[in-house]
Amino acid sequence: MAVTGIIAFIQPFSIEIIGLHALTGFLFIGVVVGHIFNNSVALKKYIKSPVVLGVIGVIIFTTLLFYYQPAPIKKILGLSGNLGPALDLFEMDEKGMTYRYSPDPGYKMLIDLRTGPAYALKNPPRLAVWLENQSLYHIKTLYVSDTPDNREQLPYWAFKVKGWEKAQKEAEEKNLSLEDSVDAVSEATANGSFDPADYILPTEQNASMPYRVMIEVNQPNDPSSKLDDQPSLVYEVEVDNYDPYTFQLLELVGFPVLEKDTEKEEWYLSYADESIESAFEIVDSVLLQIDRAVDKSFFKSTTSP
Amino acid sequence: MSDKKTEPEPQNPRRNFIQKSILGASTFAGLSVASNAHASVENGVEDFEPEIINEVDILVVGSGSAGITAALQAGRAGAKTLLVERSFQLGGTTTTGGVAYPGLFDAWGKQVIAGIGWELIKESVELDGGKFPDFSKVPRSHHHNQIQINQFIFALLAEEKCREANVDIAYYEFPSKVTKTDKGWQVDCVGFGTKRRVLCKQIVDCTGGAEVVGMLGFERLREKERQPGSYLYQMGSSHNPASKQLHRLYVHGADSTNSRTATLANLTGRKTILEKVRRDKKRLMHLQPETGFRESYRIVGETLISVQDYTSGRHFDDAVSYAFYPVDLHTRTGVRPKPLKRGTVPTVPLRALIPKGSENIIVAGRCVSSDRLANSGLRVQAACMGMGQAAGATAALAAESNTTPLKVPLSKIHGLLQNHQAIIPSKA
Numbered sequence: 001m002a003v004t005g006i007i008a009f010i011q012p013f014s015i016e017i018i019g020l021h022a023l024t025g026f027l028f029i030g031v032v033v034g035h036i037f038n039n040s041v042a043l044k045k046y047i048k049s050p051v052v053l054g055v056i057g058v059i060i061f062t063t064l065l066f067y068y069q070p071a072p073i074k075k076i077l078g079l080s081g082n083l084g085p086a087l088d089l090f091e092m093d094e095k096g097m098t099y100r101y102s103p104d105p106g107y108k109m110l111i112d113l114r115t116g117p118a119y120a121l122k123n124p125p126r127l128a129v130w131l132e133n134q135s136l137y138h139i140k141t142l143y144v145s146d147t148p149d150n151r152e153q154l155p156y157w158a159f160k161v162k163g164w165e166k167a168q169k170e171a172e173e174k175n176l177s178l179e180d181s182v183d184a185v186s187e188a189t190a191n192g193s194f195d196p197a198d199y200i201l202p203t204e205q206n207a208s209m210p211y212r213v214m215i216e217v218n219q220p221n222d223p224s225s226k227l228d229d230q231p232s233l234v235y236e237v238e239v240d241n242y243d244p245y246t247f248q249l250l251e252l253v254g255f256p257v258l259e260k261d262t263e264k265e266e267w268y269l270s271y272a273d274e275s276i277e278s279a280f281e282i283v284d285s286v287l288l289q290i291d292r293a294v295d296k297s298f299f300k301s302t303t304s305p
Numbered sequence: 306m307s308d309k310k311t312e313p314e315p316q317n318p319r320r321n322f323i324q325k326s327i328l329g330a331s332t333f334a335g336l337s338v339a340s341n342a343h344a345s346v347e348n349g350v351e352d353f354e355p356e357i358i359n360e361v362d363i364l365v366v367g368s369g370s371a372g373i374t375a376a377l378q379a380g381r382a383g384a385k386t387l388l389v390e391r392s393f394q395l396g397g398t399t400t401t402g403g404v405a406y407p408g409l410f411d412a413w414g415k416q417v418i419a420g421i422g423w424e425l426i427k428e429s430v431e432l433d434g435g436k437f438p439d440f441s442k443v444p445r446s447h448h449h450n451q452i453q454i455n456q457f458i459f460a461l462l463a464e465e466k467c468r469e470a471n472v473d474i475a476y477y478e479f480p481s482k483v484t485k486t487d488k489g490w491q492v493d494c495v496g497f498g499t500k501r502r503v504l505c506k507q508i509v510d511c512t513g514g515a516e517v518v519g520m521l522g523f524e525r526l527r528e529k530e531r532q533p534g535s536y537l538y539q540m541g542s543s544h545n546p547a548s549k550q551l552h553r554l555y556v557h558g559a560d561s562t563n564s565r566t567a568t569l570a571n572l573t574g575r576k577t578i579l580e581k582v583r584r585d586k587k588r589l590m591h592l593q594p595e596t597g598f599r600e601s602y603r604i605v606g607e608t609l610i611s612v613q614d615y616t617s618g619r620h621f622d623d624a625v626s627y628a629f630y631p632v633d634l635h636t637r638t639g640v641r642p643k644p645l646k647r648g649t650v651p652t653v654p655l656r657a658l659i660p661k662g663s664e665n666i667i668v669a670g671r672c673v674s675s676d677r678l679a680n681s682g683l684r685v686q687a688a689c690m691g692m693g694q695a696a697g698a699t700a701a702l703a704a705e706s707n708t709t710p711l712k713v714p715l716s717k718i719h720g721l722l723q724n725h726q727a728i729i730p731s732k733a
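Chains as they are written, first to last, in the working numbering: chain L, 1 to 305; chain A, 306 to 733.
Among the hints, erroneous ones may be present.
Result set (DSS-like, lysine-lysine): computed pairs, CA atoms no more than 25 Å apart in a straight line [unchecked claim]:
| hint | chain 1 | residue 1 | chain 2 | residue 2 |
| --- | --- | --- | --- | --- |
| 1 | A | Lys442 | A | Lys646 |
| 2 | A | Lys646 | L | Lys140 |
| 3 | L | Lys264 | A | Lys717 |
| 4 | A | Lys587 | A | Lys661 |
| 5 | A | Lys415 | A | Lys661 |
| 6 | A | Lys488 | A | Lys500 |
| 7 | A | Lys436 | L | Lys226 |
| 8 | A | Lys661 | A | Lys646 |
| 9 | L | Lys140 | L | Lys174 |
| 10 | L | Lys166 | L | Lys260 |
| 11 | L | Lys169 | L | Lys44 |
| 12 | L | Lys260 | A | Lys442 |
| 13 | L | Lys166 | L | Lys140 |
| 14 | L | Lys226 | A | Lys442 |
| 15 | A | Lys385 | A | Lys482 |
| 16 | L | Lys260 | A | Lys488 |
| 17 | L | Lys264 | A | Lys436 |
| 18 | A | Lys717 | A | Lys488 |
| 19 | L | Lys260 | A | Lys549 |
| 20 | L | Lys264 | A | Lys442 |
| 21 | A | Lys436 | L | Lys260 |
| 22 | A | Lys442 | L | Lys162 |
Simulated restraints on C-beta separations [to be verified]:
| hint | chain 1 | residue 1 | chain 2 | residue 2 | range |
| --- | --- | --- | --- | --- | --- |
| 23 | A | Gly648 | L | Thr246 | 18 to 24 Å |
| 24 | L | Gly163 | A | Met520 | 54 to 60 Å |
| 25 | L | Arg292 | A | Thr649 | 21 to 27 Å |
| 26 | L | Phe280 | A | Glu664 | 31 to 37 Å |
| 27 | L | Ser285 | A | Ser617 | 29 to 35 Å |
Keep in mind the hints are simulated off the structure, nothing from the lab.
Think of the CB as a built atom: it goes at the ideal place given N, C-alpha and C, for glycine as much as any other residue.
Produce the complete structure using the sequences and hints provided.
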């Protein structure tokens, strides 16, 4: 159990490791219960020892520390390669998809995409869900279809990710945090690494920090009466990180078009026109739900000059 | 919050005079000069002996974005129109202020402001060999759909269009006294070496600060502190119109309330630019003649456009034009525009252009009846052009049927505007 626990802390999220860790946890509880049952008389005498009481006190204290997570403990947990992704949950069925993200006990995000009549689960459309900051830079991909053609089918997301990867590489070369190089809205994390969870974690925010939840969806090989293959469509909603609405619907922005007059590969969004037909019906609606527990009195007392 | 800071204009002329003098004392030196100048104008009015008398249907005062379109619309509708301008050219903030990026005519992939204003912008760009933004693109930010125009071409084209529409222009003049008559108004205008009496049926006040409305004693609103103005200049490199925006200097406290405050703003702006030239040791290549002012007075109209109306895109029953721009309040530390939500396009109602309780006068432009935050989006040139055309059409129809703007049937206003390619807000 100790081994799987350490691996889970160090490595990025792995369902195998978490499964093993859960199994050893249950076995450990069984062993503990059996041990208490077999040695109850001796344990009753033993528990009165000041040393044992002290150990129990330390265990309770550290448990509370790691439950409420004051700043120093958060710093330790922040060293983990696991904590952010482990809090993702993506599910897909014939009704659509749901994505849950809960990086903090006081913060829960749910994206609920309901499918329209043009959606087919057997040949599901390619889908990307990501976050952008105020400067329209990609800051975190929440989900992308695991298909070899996803970058080709989702060109706008791919363009954004490419920009992010490039900026990240340049930042690493210059020993900078990514925020410094791409004008992200978050503060640099304590260890200088880029962690998008910092951005949407609400506890450190003391000002209005809008960001966008973006979705790109594309059904491959779906012709319309005017096109051999309809393009992907991009939906978005802006979220005020300081005071988000509980429910918000994502709205259609447009479809990606490759810029012709530039040397670099640049994609922009064009307003949807009459050439788009069934592509409008892949997605029925996308609801963003954010449940957040924050003491706003703190912000009120600190933001006004 | 802004409402608490809004101060209604004093109604008592004497108290008004004293307060203005105090304002002068508190803001800049030269109180006695300023006060004497004010008094001499009052004396001049009493002794007014006109050298020229014009009898017209419509008098448009002020030739900024709103005034040009109002005058052209009235002239093209067949009304005999006179356009009085205190400076030396048409265009106001676009030309004299140099803010030659008139704002947004498109919203969410569709054109929302067209008509005479758009005609002027389009022809200015085409004559200058310029380029329009690709309006099919979703803009990354509102300024990506800004159209850059050549301010000089714009001023020349506006004059040509006035000639073609039989709109007479009187530069260097401003009303000094307005009197109600049986048929409408008697307006005495003063310019250097000129005393002109204008007899008109309707006045369209496009002065920016609703100066004529103020002279008539109707209530106006003004914030205790105005947004900074912008003084535009070019240093170190030549000015290439319509391709690159000029350098900009914030003039804090810039106030176009009267000639004294405007003088102060210009002196302050120019002094700072001169200091900059000395400090940076670069050549001054271009200097606009005047500060671009953002706010002074707003009228108290038959209705008021609140920021909630503006940001929700409220469709007023008597809507005559669209407006589209972020809430854009400039402060000492700069501006952080708050974009409108997707799909939102605010409308401007006719009643917001009519001073409360008035007859035979209508306004257009940044003095539209609105709260401060709504006004920070409405004040932009494209919206002012839409309002100006609507005000010009309403005034022309009112003059034609000898009625007051509020009594002109809305269907007639919409019909005339549509005949002149304006876009009428629809509920769809």
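If any of the earlier hints don't hold here, list their numbers in rising order.
Violated hints (numbers, rising): 3, 4, 5, 7, 8, 11, 16, 26, 27; every other hint is consistent with the structure.
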